[in-house]
Amino acid sequence: MARYSVLIGFFIMIGGFAYMLNLTNTGEYNPRDIPTEFIGRAAPAINVPDLYNESEVVKTSDMKGKVWLFNVWGTWCPECWREHKYLMELSRSGVPIVGLNWRDERAEAKDMLTKMGNPFLKIGYDPDSSVAIDWGVYGAPETFLINAEGMVVAKHAGGVTPAVWQEKFEKFFIKNSNF
Amino acid sequence: MNILKITLLIVLAFLFANQASARFETHDFATPQMEKDYNVLVQELRCLVCQNQNLADSNAELAQDMRLRVYKMLSEGSSKNEIVDFMVLRYGDFVMYRPPVKKSTLVLWYSPLIFFAVAAIVVVSYLRRQKKEVEQVVDKQQQKKAKSLLDD
Numbered sequence: 032m033a034r035y036s037v038l039i040g041f042f043i044m045i046g047g048f049a050y051m052l053n054l055t056n057t058g059e060y061n062p063r064d065i066p067t068e069f070i071g072r073a074a075p076a077i078n079v080p081d082l083y084n085e086s087e088v089v090k091t092s093d094m095k096g097k098v099w100l101f102n103v104w105g106t107w108c109p110e111c112w113r114e115h116k117y118l119m120e121l122s123r124s125g126v127p128i129v130g131l132n133w134r135d136e137r138a139e140a141k142d143m144l145t146k147m148g149n150p151f152l153k154i155g156y157d158p159d160s161s162v163a164i165d166w167g168v169y170g171a172p173e174t175f176l177i178n179a180e181g182m183v184v185a186k187h188a189g190g191v192t193p194a195v196w197q198e199k200f201e202k203f204f205i206k207n208s209n210f
Numbered sequence: 002m003n004i005l006k007i008t009l010l011i012v013l014a015f016l017f018a019n020q021a022s023a024r025f026e027t028h029d030f031a032t033p034q035m036e037k038d039y040n041v042l043v044q045e046l047r048c049l050v051c052q053n054q055n056l057a058d059s060n061a062e063l064a065q066d067m068r069l070r071v072y073k074m075l076s077e078g079s080s081k082n083e084i085v086d087f088m089v090l091r092y093g094d095f096v097m098y099r100p101p102v103k104k105s106t107l108v109l110w111y112s113p114l115i116f117f118a119v120a121a122i123v124v125v126s127y128l129r130r131q132k133k134e135v136e137q138v139v140d141k142q143q144q145k146k147a148k149s150l151l152d153d
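Protein chains in written order, with the numbering used here: chain A, 32 to 210; chain B, 2 to 153.
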């Protein structure tokens with residue numbers, strides 16, 4: 032029996048490796064993903080000037096009573112360009128989206144929105160990551176879902192696609208009759 | 002042999018060259034203690050973009066901004082622990098470059114030691130078994146010799 036123990040051990044390791052490989056190829060298992068700490072916690076403050084109207088301060092508390100998305104984006108982020116069309120669709124169907132323009136140039140950000148449309152109710156301008164760090168953001172795009180009580184209930188790292196919307200976000204909007 | 006020694010020296014030199022903190026940008030520190038604290042913090046916090054580097058080594062933009070945040074918080078009077086807690090509250094334990102020793106990380110920390118202990122036990126028992134076999138063989142040879150002598 033002892034002489035087979037090495038062989039058995041080897042096959043157990045191969046089996047484990049195959050299992051983990053399968054996991055990484057399916058669904059959302061990504062070893063580099065950092066799960067958010069904010070699910071179930073109050074949404075952090077934003078408190079930075081708006082991209083267009085610099086005298087206006089974008090505040091989390093302004094959205095109290097609504098279910099809304101907080102989308103972190105930048106013109107330097109290719110995935111943000113790809114998800115933009117779907118964000119336009121969502122905003123046209125009534126989903127409130129507040130944007131955070133992260134680490135960007137005001138002019139270039141406005142340019143992109145002129146070209147591709149503006150799905151955002153307001154956009155916080157965050158050139159030095161002060162808001163991003165407060166929300167535990169580590170890449171773009173990232174989208175948080177905040178409920179009417181101001182609590183973060185869902186988050187997605189990566190572009191929002193119809194699949195992501197259906198799996199992660201839609202259920203929080205259906206209950207509301209007026210979004 | 003000379004080349005080997007030179008290579009070893011160069012590798013060692015790189016290993017110890019990591020103490021500098023002003024690798025990318027410089028800050029003006031109000032006190033030398035603040036500078037010390039800053040150095041400790043940027044080596045203890047992980048870059049979330051280049052996840053195998055600490056904040057001291059990474060020049061990713063988020064790392065730059067996190068370093069700036071650390072500097073600002075130190076200047077405002079936060080302690081090292083408060084700053085680490087601040088980052089962990091937002092990014093989780095992963096932001097600590099060295100994983101904390103908790104129940105959930107005991108396996109991470111101690112499994113190498115356990116593997117090493119198991120390997121040591123296996124090697125020692127294998128060597129002991131070898132030794133016993135050799136002794137038995139010698140014993141048998143001596144018995145044979147004794148028998149042949151007696152038979153004469």
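The reader is advised that the hints may include incorrect statements.
Stated by the list, open to error - Here are the simulated DSSO-like cross-link-like pairs (lysine-lysine), alpha carbons at most 30 Å apart as the crow flies: (1) B:K73 to A:K153; (2) B:K37 to B:K103; (3) B:K73 to A:K90; (4) B:K132 to B:K148; (5) B:K133 to B:K145; (6) A:K97 to A:K199.
As the list claims (entries may be wrong) - Ranges between beta-carbon positions, derived for each pair: (7) B:L69 to A:G96: 48 to 54 Å; (8) A:W107 to B:L69: 15 to 21 Å; (9) A:F41 to B:E134: 23 to 29 Å; (10) A:N84 to B:Q54: 35 to 41 Å; (11) A:A138 to B:V12: 37 to 43 Å; (12) B:V135 to A:R63: 50 to 56 Å; (13) A:F41 to B:C51: 31 to 37 Å; (14) A:M147 to B:D94: 37 to 43 Å; (15) B:G93 to A:L52: 23 to 29 Å; (16) A:M182 to B:V12: 50 to 56 Å; (17) A:K146 to B:S76: 37 to 43 Å; (18) A:M147 to B:E77: 26 to 32 Å.
It is worth saying that the hints were derived from the structure and are not from the lab.
The structure displayed is predicted, hence computed values, not measured ones.
A virtual CB, placed ideally from N, CA and C, is assigned to each residue, including glycine.
**Item:** Distance restraint evaluation - B:G93, A:L52, Cβ atoms, bounds 23 to 29 Å
**Value:** Between B:G93 and A:L52, where Cβ atoms are some 25 Å apart, the hint holds.
**Asked** Within 35 to 41 Å or not, the Cβ separation of A:N84 and B:Q54?
**Response** holds (38 Å)
**Prompt:** Are A:A138 and B:V12 spaced within 37 to 43 Å by their CB atoms?
**Reply:** Between A:A138 and B:V12, where Cβ atoms are some 48 Å apart, the hint is violated.
**Request:** Take the C-beta atom of A:F41 and the C-beta atom of B:E134, compute their distance, and say whether it sits inside 23 to 29 Å.
**Result:** holds (26 Å)
**Prompt:** Are the Cα atoms of A:K97 and A:K199 separated by 30 Å or less?
**Reply:** Holds: A:K97 and A:K199 sit about 17 Å apart, inside 30 Å.
**Request:** Given the hint of 15 to 21 Å, check if A:W107 and B:L69 actually sit that far apart at their C-beta atoms.
**Result:** At 19 Å between Cβs, range holds.
**Request:** Could you see if the CB distance from A:F41 to B:C51 stays within 31 to 37 Å?
**Result:** holds (35 Å)
**Asked** Is it true that the CA of B:K73 sits at most 30 Å from the CA of A:K90?
**Response** holds (22 Å)
**Request:** Starting from the range 48 to 54 Å, see whether the pair B:L69 and A:G96 falls in it by beta-carbon distance.
**Result:** violated (35 Å)
**Prompt:** Regarding the pair B:K133 and B:K145, is the alpha-carbon distance no greater than 30 Å?
**Reply:** holds (18 Å)
**Message:** Within 37 to 43 Å: is that where the Cβ-Cβ distance between A:M147 and B:D94 falls?
**Reply:** holds (38 Å)
**Request:** Would you mind confirming whether the straight-line C-alpha gap from B:K132 to B:K148 stays at or under 30 Å?
**Result:** Given pair B:K132, B:K148 holds - Cα atoms ~24 Å apart, limit 30 Å.
In this structure, the earlier hints numbered 7, 11, 18 are contradicted, and the remaining ones agree with it.
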